[in-house]
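Work out the full structure: start from the sequences and follow the hints.
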Amino acid sequence: MCGLCGLIGEEAEWSDGLHSSLPKRRNRLRRILFINHVIKPYRLNITDFQGVNYLVETLTGKQSIANGLNNLWDEIEKLTGRQIDVLDPLILNHLELSN
Amino acid sequence: MIPIHIITGFLGSGKTTFIKKLLLSEQGHQTIVLINELGEIGIDNLLVQTIHENTYLLPSGCMCCTVLTDLKETLLSVLKARNNKEIPFFDRIVIETTGMANPASVIKTIQQDTHLKGSFIVHGLSTIVDAENGILQSKIHPEWAAQIIAAQQVLLSKTDRVNKQTLTSIQQEILELYPDINLANVNEINSINELFKSNVEKVKLTSSMRFFNQHEKQKHQKVQSFVIEYEEKIDWMKIGIWLSLLLKKHGEKILRIKGFLHLNDTDQPILIQGVQHCLYPPEHLLEWPWLDEYSRLVFIVRDIEIELLKKSFLLFMKK
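Same order as they appear, the protein sequences are chains A and B. All residue numbers for the first sequence refer to the working numbering, where the first residue is 1 and numbers rise by one. All residue numbers for the second sequence refer to the working numbering, where the first residue is 1001 and numbers rise by one.
Just so you know, not all the hints are guaranteed correct.
Claimed, not checked - Below 20 Å or equal to it, Euclidean Cα-Cα: the simulated DMTMM-like pairs (lysine to aspartate or glutamate) are: (1) B/Lys1311 <-> A/Glu10; (2) B/Lys1249 <-> A/Asp88; (3) B/Lys1238 <-> A/Glu10; (4) B/Lys1248 <-> A/Asp88; (5) B/Lys1310 <-> A/Asp88; (6) B/Lys1020 <-> B/Glu1194.
To be clear, the hints were calculated from the coordinates, so they are not data collected in a lab. All figures in this text were calculated on a predicted structure; none of them were measured in a lab.
Given below as structure tokens:
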């Protein structure tokens, strides 16, 4: 936990096991950009919150804060009522068109 | 870090007998045994306790749920008791799971829990297979295949009770399901030291190159195996997101993932491995096992559309 702001650190991800040449913050922003691209058909927007959390927003203004990827997928499911599925034709078609 | 070795296997395959044998074979080993049993009253812990006082029964029966609070509490309490010198010192742990348990959830708890991952490390997972009844169990119970595929080594028990033909057919059954597995007889491991001696996974990788043979089987409730080969370098961030989403939704169906990746920022191969919902920490290896240096990922899955999964992987990696 950060002693100054009281924020709990970000949940460690499995992929954190390898060090990247990019700074941590930069990596995080790249990750958020990619997640936003993938989940575009779900009509959501993910932004960084204080460098440790994710802020999930729907087009109707519903919001939620998530810590770590696992929690992020849970919060998205809570807000939209469906689980993100990488095999969902909706996502696959979207990625196919955008590639 | 205290290494933990998990012993799993179908009901009645001889897990407790195996652990008893290991404990009896040598004096002075500093090992603690945790036993997890399905049912109201623990029997196995009583059997082992007569020869080894450092034996504990995990409070609740089934280790199948995703959050294994009992396992966590027991591990933390024995560690605390050891540090306070309330129980004899130990530096290794053996966990016997119930015959019905899904070993992936045990590994996941130890590796991912904030309090456990700093003190404990999974050393390995051995599955005991009953040579006498294995063939029958493989046909009836879907857990059987999951236990074989999650293992780093399979140990055949009761081999003295079967003829050569039955023994060969059970060995073939296991190798067809998982061609790369370390298959041995329980009699080849006779002490705790031998169990913890080596990193079984590493031995296996160097000794066998059959790992990536294209191999498809329709048996075992549609268990299938396939390989994704990718020529271009892979973005670690993207594969992290893809695997995270895939395992979140379909983890139950992905029995095993294993493979080498060629990443953007390094020319050394990265070994990744996973069992159902959980992934082992990625490892850097010094040399490529093949000349072309392409990324190859092997999947063993059940009831999942393979072509769709391959397509999804390619689309995620391309963007």
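Results of checking the hints against the structure:
no.: 1; hint: B/Lys1311 <-> A/Glu10; in the structure: 31 Å, violated
no.: 2; hint: B/Lys1249 <-> A/Asp88; in the structure: 11 Å, holds
no.: 3; hint: B/Lys1238 <-> A/Glu10; in the structure: 19 Å, holds
no.: 4; hint: B/Lys1248 <-> A/Asp88; in the structure: 14 Å, holds
no.: 5; hint: B/Lys1310 <-> A/Asp88; in the structure: 13 Å, holds
no.: 6; hint: B/Lys1020 <-> B/Glu1194; in the structure: 14 Å, holds
Going through the hint list in order, the structure does not satisfy hint 1, though it satisfies all others.
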